[in-house]
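J.: Following the hints, position chain Z against chain U.
For the record, the sequence lines run as chains U and Z.
So that you can map any letter, position 420 of the first sequence is 420 in my numbering, and since no number is skipped, the others follow by simple counting.
So that you can map any letter, position 4 of the second sequence is 4 in my numbering, and since no number is skipped, the others follow by simple counting.
Honestly, the hints are just simulated from the structure, not real lab data.
C-beta: ideal position from N, C-alpha, C; glycine also.
Heads up, some of the hints might be wrong.
[To be verified] Distance condition first, Cα-Cα at most 27 Å in a straight line; then the derived DSS-like pairs of lysine-lysine:
#1 Z:K200 / U:K161
#2 U:K135 / Z:K29
#3 Z:K100 / U:K17
#4 U:K17 / U:K239
#5 Z:K100 / Z:K174
#6 U:K142 / Z:K100
#7 U:K239 / Z:K25
#8 Z:K174 / U:K135
#9 U:K419 / Z:K25
#10 U:K90 / U:K135
#11 U:K161 / Z:K137
#12 U:K161 / Z:K100
#13 U:K17 / U:K90
#14 U:K90 / U:K239
#15 Z:K100 / U:K90
#16 U:K161 / U:K135
#17 Z:K29 / U:K21
[To be verified] Now the in silico label distances, taken between C-beta atoms and shown as ranges:
#18 Z:K174 / U:T165: 26 to 34 Å
#19 Z:V187 / U:A153: 34 to 42 Å
#20 Z:T240 / U:A153: 50 to 58 Å
#21 Z:H226 / U:L41: 39 to 47 Å
[Said to hold, decoys possible] Quick look at which bits of chain U chain Z covers, simulated, 3 or more residues with Cβ under 8 Å:
#22 91-104
#23 109-120
#24 125-131
#25 325-339
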Amino acid sequence: MPSRFDENMSQAIAVEKVSKKFVLGALQRDTMLRERLISMLSAPFRRRSAAPNVLWALRDVSFGVDAGEVVGIIGRNGAGKSTLLKVLSKITYPTSGEVHVSGRIASLLEVGTGFHEELTGRENIYLNGSILGMKHGEVAAKLDSMVEFAGVAQFLDTPIKRYSTGMRLRLGFAVAAHLDPDVLIVDEVLAVGDAGFQRKCLNAMDGLRSGGRTVLFVSHNMAAVENLCSRCIWIDAGKVVMDGAPREVIEAYMNTFANARETMADLRSVQNRRGSGEIRYTAMEYLTPTGEPLRVVRSGDSLVVRFHYHAQKPIVYPSFGFRLYTEFGTLVTDTSTWHHGIDIPLVPPGDGYVDLHIEFLNLLPARYYFSLWITGAASPVHDNVEHCGQLDVGLANVYSSGRMLDNRSGIVFFPQRWKVDEQLMAAVGPKAEEK
Amino acid sequence: MNSEWFTDFWRYRELLYFLAWRDVKVRYKQAALGASWAVIQPLLTMVIFTLFFGRLARVPSDGIPYPLFSFCALVPWTYFSTTLSQAGNSLVSNSSLITKVYFPRALLPAATVLSGLVDFAMGSTFLALMMIYYRVKPGWSFFLVPFFLGGMILLAFSVSMILAAMNVRYRDVKYALPFLVQIWLFVTPIIYPIAFLTPKMKRFLAFNPMAGFLEGFRSSLFNTGHMDWSLVGTAVIITTILLVIGATYFRRTERSFADIV
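Chain U with its partners taken away, still in its complex shape (with noise of 0.2 Å):
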């Protein structure tokens, strides 16, 4: 064993120079005994015809975790995230390079690893939790407060077939939550059921966390890994691309989809548009306060929208307007220069911008879009183009407490203060399922 394992004691897991190959061509051609057996008859000498396919998941991963360090992964879909989890949970074995797990580790890649269908809730619950690593004893000393966490007192003794998938998740979840361990290894878990399961699942690891616990967890939702973890690793092809302060490493992760996507739209080509034409949008943007390209719009953050426009001859008092729709169609809101007392007395022919200043885009996440419209000082309209520009806002840590807020909770947000009585607070409590 190297000897750097054993200079830190308080590291949980040390990750050295881990790199894992797949050979996807290999893998195929040879899955039949039959085959390999007449190839060995007919060419027992020649060595077999090596140009395989080589995929690295993971190449030269490096990094050590210290005990009750809870890191988020991150990167896109086919990165090699689970595959460093598979290979941190010893169900796969690196290629070369070395992995050491300090203390008890549980590995969560799946909400009810082994469930079978045909035995009951409770069988199930044993099952799982053996399958986990759990004791029978400490299985059977949490059952009580599994079932309860699951809600499935009454169908304990029912197969499993006959529950809802909702059912089975957080019976799943129950038995997960229930874990002991020193090292917790989570992939994805909070992609599956509904919002009120993976608050569960939010609670839960914020419980782990607190117990001083080492926890790595792959995840595609921001916020949580903002929230949650202490330092956060993107992974991609393979590779640690950067590892750091949550905040830091998601904004550099999320700029990279942003690159793909324009940040201004061009709209001289739209043809279903209404008015005069004599002055008309021609493109939108979103740009940061200074000025630079905004490549992903969150919210709560600041940014201006700039409307370019064109006009074909001199336009007295023209309002610059827009309204904003949800993705269904309702109306957020209608605002203008000519609402805000901005009377612009005349545009010249040409081309020119205005901007739209938010200070605080209290948009909860979703898809928005613009149409945009532009009158004159009589009230013929110039122009008007529906639905011309999208505004994807991001998930983001609103109320800095990791609790997701999405389109199921409403359109907008307030900046806002709960206050509750602290008496209210100190009060014991039974132990509740969502602290």
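T.: Then chain Z, alone, in the frame of chain U:
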């Protein structure tokens, strides 16, 4: 390294029990006739064998009534053959476990070997009833029975490890499995006593450890008086070799199970 493999196996013994328990539960819950299958299968085979080999072909049976003679071997044989076919598929059919959680992979074939013993116990009970019916008393050599059973269980485990590991790698193993079991039945003295064979055939049969264990099982149960110790010795040696080969092959391939299963 080597010892780690075994200590890990020991550490997870509770899971071994749970996996075996699951196999038993599920098997009896799904089958309409439940536990009675464990008896019906060897019983029907025995009836057919008695008709064709006992009555028509008049195969000798060491002075024991032919139905009892064949049933006595069919109970352990049924255990052995079902274990091979189920354990051979145990890794592939539990792929969702293998790709999601760590545990010593050898637990899966081992659990099948273990869970089959429940069926075996039921078959044995019926065998005891038959012995009472035919008024056949077990002799002094009865205490040797556990030894032969143990040998058979080890053999089943050894072969299961090889088959299960090969099945992950080569997908046509599952088609070859029933065929293998079928042939194995005929080269094992179940239908006929080993004394029925020519010395040359006997020597050839010695390479089949099941021959030694089953013949020994039957001889010690009925105390026929002609225990072939050289046959039994060969069976023990070959089983040991197969156990080493099986464990080595399994250990060498198990690291890639999750990647290819």
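J.: Now tell me, hint by hint, if it's right for this structure.
T.: Quick rundown of the hints versus the structure:
Of the supplied pair hints, the one linking K200 (chain Z) and K161 (chain U) is violated, its CA atoms being roughly 56 Å apart against a limit of 27 Å. The straight-line distance between the Cα atoms of K135 (chain U) and K29 (chain Z) is roughly 25 Å, inside the 27 Å bound, and the hint therefore holds. In summary, the hint linking K100 (chain Z) to K17 (chain U) is supported, as the alpha carbons are separated by about 23 Å, within the 27 Å threshold. With a C-alpha separation of about 10 Å, the suggested pair K17 (chain U) and K239 (chain U) falls inside the 27 Å cut-off, and the hint holds.
With a CA separation close to 23 Å, the supplied pair K100 (chain Z) and K174 (chain Z) stays within the 27 Å bound. At most 27 Å may separate the alpha-carbon atoms for a hinted pair to count; K142 (chain U) and K100 (chain Z) meet this at roughly 23 Å. Taking the CA atoms of K239 (chain U) and K25 (chain Z), the gap is near 45 Å; set against the 27 Å cutoff, the hint is violated. Under the criterion of a C-alpha separation no larger than 27 Å, the hint pairing K174 (chain Z) with K135 (chain U) is inconsistent with the structure, at around 34 Å.
Of the supplied pair hints, the one linking K419 (chain U) and K25 (chain Z) is violated, its CA atoms being roughly 54 Å apart against a limit of 27 Å. For the hint pairing K90 (chain U) with K135 (chain U), the CA-to-CA distance comes to about 20 Å; that is within 27 Å, so the pair holds. Restraint check: the Cα-Cα separation between K161 (chain U) and K137 (chain Z) comes to about 48 Å, which exceeds 27 Å; the hinted pair is violated. Restraint check for K161 (chain U) and K100 (chain Z): the C-alpha separation of about 21 Å stays at or below 27 Å, so the hint holds.
For a cut-off of 27 Å, the pair hint linking K17 (chain U) to K90 (chain U) stands: about 16 Å separates their Cα positions. Between K90 (chain U) and K239 (chain U) the alpha-carbon distance is near 19 Å, which keeps this suggested pair within the 27 Å criterion. Distance restraint check for K100 (chain Z) and K90 (chain U): the Cα-Cα separation of roughly 10 Å lies within the 27 Å cut-off, and the hinted pair is therefore satisfied. Between the alpha carbons of K161 (chain U) and K135 (chain U) the distance comes to roughly 25 Å, so the proposed pair stays at or under 27 Å and holds.
A C-alpha spacing of about 42 Å is found between K29 (chain Z) and K21 (chain U), which places the hinted pair above 27 Å, so the restraint is violated. Against the hinted window of 26 to 34 Å, the Cβ-Cβ separation of K174 (chain Z) and T165 (chain U) comes to about 31 Å, which satisfies the hint. At about 56 Å, the beta-carbon gap between V187 (chain Z) and A153 (chain U) misses the expected band of 34 to 42 Å. Between T240 (chain Z) and A153 (chain U) the beta carbon distance is about 52 Å. The supplied range of 50 to 58 Å therefore holds.
At roughly 42 Å, the beta carbons of H226 (chain Z) and L41 (chain U) sit within the given window of 39 to 47 Å. As drawn, the region 91-104 of chain U meets chain Z at 3 residues by the rule of a beta-carbon pair under 8 Å; at three or more, the given contact holds. Beta-carbon proximity to chain Z at under 8 Å applies to 7 residues in the region 109-120 of chain U; the threshold of 3 is reached and the given coverage holds. With 4 residues having a Cβ less than 8 Å from any Cβ of chain Z, the region 125-131 of chain U passes the three-residue criterion, so the hint holds.
Judged by the Cβ-Cβ criterion of 8 Å, the region 325-339 of chain U is not covered by chain Z as claimed, because only 0 of its residues qualify and three are needed.
Consistency with the previously given hints fails for numbers 1, 7, 8, 9, 11, 17, 19 and 25, ordered from lowest to highest.
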